[in-house]
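These protein sequences, in sequence, are chains A and B.
Position one of the first sequence corresponds to residue 1 (the working numbering), numbered consecutively onward.
Position one of the second sequence corresponds to residue 50 (the working numbering), numbered consecutively onward.
These aren't lab readings, by the way, just hints derived from the structure by calculation.
Keep in mind that a hint or two might mislead.
To be verified - In silico DSS-like cross-links for lysine-lysine, where the CA-CA straight-line distance does not exceed 25 Å: (1) A:35 with B:215; (2) A:26 with B:127; (3) B:127 with B:504.
Unchecked claim - To give a feel for the contact side, a few chain B residues facing chain A, derived at Cβ under 8 Å: (4) 89; (5) 226; (6) 312.
To be verified - Here are some chain B residues the structure puts well away from chain A; computed CB gaps all over 10 Å: (7) 211; (8) 302; (9) 310; (10) 334; (11) 410; (12) 496.
Computed from a predicted structure; not experimentally measured.
Where a beta carbon is used, it is the ideal one built from N, C-alpha and C, also for glycine.
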Amino acid sequence: MSSGAWIMLFVGASVLYGGLAIVFVKIFQASERKKAHAHHHKKNQVSPS
Amino acid sequence: MEDRDRWSSRAAFVMASIGSAVGLGNVWRFPYMVYDNGGGAFLIPYFIALMTTGIPLLMIEFNIGIKMQKGPAFALDKIRRGAGFIGWFALLVSFVIVSYYSVVISWVWNYIYYSFTVAWTGHAKEFFFGHVLDVSGSIANTGGIVWPVFAGLLLTWVLIYFIIFKGLGVIGKVVSWTVPLPFILLFVLLIRGITLKGAVTGLNFYLDPDFSVLLNPRVWLAAYGQIFFSLSLGFGVMIAYASYMARHSDISGNAFVTALTNSGISFFAGFVVFSTLGYLAQALGQPVSEVAGSGVGLAFVIFPTAISRLPGGTVIHAIFALIFFVTLINLAINSAFSLVEAIVTGLKDIVSAKRETITFYVCLAGLTAGLIFCTRSGLYWLDIVDHWANNFGAIIVGLMEAVLIGWIYNPEEFRADINKYSDIHVGRWWTVCIKWITPIIIITSVNLSFYSELKSSYGGYPQWAVMTGGWLLIEILFILGIIINLRARNRRKA
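Just chain B, with the same shape it has in the complex (with noise of 0.2 Å):
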C-alpha cells in the first residue's frame, strides 16, 4: 500500500483549504469589488457564481486529488492521458504567483516593524511608494535592490519553509492557528469600525443596492471573476492538498464549507472596510467615493491613513496597525504556503529527493525569482506579471479543467465519484454547470480581457514590459508545461 502523507483530521484538511482559500483578496478586493458593482445588488450574482462554478470547480478540484492521490500534474495526467501538462502549468504559474506574493508579504512585515512608531502618519501615501518601496521613476529603472523589502521576502521565505517541509503534520497545526485568528482580529476592528463616526456612510456605500446593474454583463463575469480567484481555484492548491485525503472521504461538504466561509469572511472584511472608510471620509470632509480604494493602495495608503486618524493617541494608533497588519500576514501566509505545497507535492511525485530537499530548493528558487519585484521598479512589475498570471494563467488551468472533465472524461461518472463518500448529494446542476455555464462564462471573460488588452496597453506601460512581464510569460509557462510533462513521463516509464 502508498505511503502517503495523510491530513491528522477532516477538520485539518478543511481549514488548510478555507486558508488557501482566504487571502488578502478577500481584505482589499472584494468589498471594493460590491462598492463598484452596484453596492449589495452585486451579491446576487455573486451567489449565483458562487454556486454555478466555484463550487463546482471546487468539488472538481478535491475529487481529482482524493480519487487519483497524487498531486496536480500526475492526477490530471491519470484523468486523461496527456491532460497532466494543465497541472504542471498551474504549478509554474503557482510558482510565479507566490514570487511576487512573497513580496507583498514582505512590505506587511515592514509595515508591522513600522506600526510600533505608526511611521507613515501624515504621509501615508510618499511613505509607501517613496519610503518603504523607494520606486524608480520608470518600469525601465530598475535602480537595484531595496533592502529592508528583501529582508522581509527572506523572512517570508524561512517561514514558509519551516511551515511545510516536515509534511502536513506541521502545516495541520499552523492553519489552526493562522486561520481564526484573523477572523477574531477582523472582529476587533469591525468593532473599532462600527463605532467611528460616519460608518454608517461608509456601510450604504458598501451595501446599498443599486439593482440596474444586473443588466450589465460585465458585473456577472466581475462576480465570477471574483469568485474564481478568491477560492484558490486553477493553482494546483486545492487537488495537492485533496491528494491527502483517504479515498473514501467526503467531497461536497467540504467544499461547500470551504467555499461558504472563504465568501462569508468576504464579506465580513467589507464591513470592517467601509465602516472605517466612511470613518476616514468623514475625517476628511470627503465623500467615501473620494476614499474608497482596493488593492496595495487599500492596505498600505489607505487603511494606515484612517488608522493614523482613530480617536486617541500613539499608542491606540499603533495598536489597531498591528492588528491590521498582522491580520493581512495571516491571511497571506495560509495562501502563499499553499501554493509552495502544491508545488512540492507535484515535484514529489516525479523527483526521488526527500520532501525536505524538494522545498529548500523550490523556496531558494522563490526567494531568487521574488528579487526582481524586490527592485525600485518591482511594484509594476508586479502589477503586470499579476495581472496576467490571474487574467490568463490561473483562469485558463479552470476552464481547461471543466473541459477535462465536462466534455472529454464522463461528467456523470465523475458525479458519482463526488457523491459516493459525500455528505451531501449534488444533482444534475453540476454536470450543467461544469459542462455549459464554467466554460461559457471563463471563455467569455478571457476573450473580453484579450480584447481589452489588444485595445490599449495594460496600466500604460511600455509594450516592450507588457510583452516580456505578461503574454511571452504565459507562453513560456504553457510550453513549459507540456515539455515537463512529456519529460515526467519518459521519467516514470523508465
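Chain A on its own, in the form it takes in the complex (with noise of 0.2 Å):
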C-alpha cells in the first residue's frame, strides 16, 4: 500500500475504533463513580430500629 493510503489507515483507525475505545473507558468510569456512590449512600444510611 502507499505511504498516503497508510497513513489514513492509521488515521482512520485512530480517530474511529480509538474514539470507540476512549467513549468506553468513560461509560465505565461513570458506572464504577454510580456504583460507589450507592454503596458511599448505604452505608451512610441510619437503620430506622
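From the two separate chains plus the hints, produce the assembled complex.
Below, the structure written as C-alpha cells:
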C-alpha cells in the first residue's frame, strides 16, 4: 500500500476505534463512580430500628 | 404510572440503534464516497461532519424520545405545540423508504437462492437486470409483477411482522444476533479480500489521499450527506427507540457509541469492498476506476462478478456468495424493521388497538405499497423515490429538528437535559452545532439539490415520472403530516 494510504488507514482507525475505546472507558468510569456513590450512600444510612 | 414497554438493557437499546444505523449504505455507499471524493482525504470532512452534525442530531433524537416517552410525532408536539407534523412527516417518509427498501431485501433473498449455483457466473449484469428484475424498456411500461421479487417481498414483510409484533423483547433478542453477525461475516470477507492478488491496488484507490479536494465545497457537502443518511436521522427511528428507555438514561454516551460504531463498520467495509475490487480489476486487466461502483450495481453486479472469479471452484464461490448476501440481509433487515417499529410506535400513541393489530396493518400497507417496485419498471421508480425521500424528506426533518431545538426551544436547557444523566457531558460546542452548523449545511445542501433538479431532469427520466414519484410524493407526505397531526391532536383532546 502507498504511504498516503497507510497514513489514512492509521488516522481513520485511530479516530474511529480509538474514539470508541475512549467512550467505553468513560462510560465504565462513570458506572464505577455511580456504584461507589450508591455504596457510600447505603453505608451512611441509619437504620430506622 | 405509564405502562410503557422497555428495552431489557442499555446494551439492547444501543444494539438496536446500531442495527438501525448500519445498513446497506455502509457497504455500498460509504466506500465509493471515500474513493470518489479524494480517497483518504475524505475522512477529514467526514469526521468533522460526524462531530458537528451526526452526533449532535443523534443526541437530539435520543433526548426527545427519552424526555417525552412518546413516539416521534407526539414527542415533538410535546416539545412545541404544532411541531408534531415534523414527526408525522418523518414517519410517512419512513413508510415510503421501507416500502422500497423491503424490495431491495427481496432481491437479496433471490440472490441467496441463486448463490447455491452461483447462477450469475459469466453474465452478472444481464442476470440482474434481465433475469432477476426483468426490467422493462421504459418507466412507462410497468409490465406486470415480477413474481420471484414479490415472493421475496412477502418473506421480508412476514419476517418484519414476526420480529416486531411482540415488542421490544423479541427485537432485543433479534438484534443481539443480527448486529454482530454481519461484522463477523465482513471480517471473513476481509481476510479473503486482502489475501487476493491485486487487493493492495484496490486499497490504494480507497485510501490514497488527494488533499486538494478539501477546498471543494461539494466534497464537504457529500461528507455531511453521508453522515446524515447513514445514521438513520430524520426518520423518527431514534426517537421511537429512545422512547422505550427510562427517563434517567444516558444520552451522549449512547450517541457516541452508536455513531462511532456505525462509522467504524463503514470504514471496515471499505477494505472488504476495495480489496475485492482490486482483485477484480487485476483479473479483468482493467484499472480499479473502471470496475469501481456503488449502490445496486456494486451489490448485485460488481461484487457477484468478483465472487464468481475468486480462486477455487463453484463450491467456494457459493460459500462466499452466501456469506456476502447473508451479510446484506442482516444489515438491511435491522434497518427495515426499525423504520416499521418507528411507525408502529407513532401510531400506538393515537390508536387504541393492540400492538399486534397495528403492526399487521402497517406491514400489509408496506407490502401493498411495495408492489409498484416489484413490477418490471420497479427499479426506475425505486431510483426516483429513493432520491427524493432522502434528499428532500429525511434531511428536511433533520433541519426542522435542529431549528426547533436550536431556535424555538431553549438549546441550553436541552443541553442541560442531555447532560443530566449522561456519562459524558457535552459542552457549548453542541449548541453551536445545532444552532448554526447543522442548519447552514442542510439548507445549503437542499438548495444545491433543488438547483440541480431544476437544471436537468433527474436520471434522464420523463418529467411526469419525476413529478409524481418525486415532487408530488414529498408534497403529499408533507401535507399529510400536517393533517394527521391536527386530527391526532383532536383525537387526544377527545
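Evaluation of the provided hints:
no.	hint	in the structure
1	A:35 with B:215	violated, 34 Å
2	A:26 with B:127	violated, 32 Å
3	B:127 with B:504	violated, 40 Å
4	89	holds, 3 Å
5	226	violated, 21 Å
6	312	holds, 5 Å
7	211	holds, 32 Å
8	302	violated, 5 Å
9	310	violated, 7 Å
10	334	holds, 21 Å
11	410	holds, 39 Å
12	496	holds, 30 Å
Violation of the numbered hints given earlier is confined to hints 1, 2, 3, 5, 8, 9; the remaining hints are satisfied by the structure.
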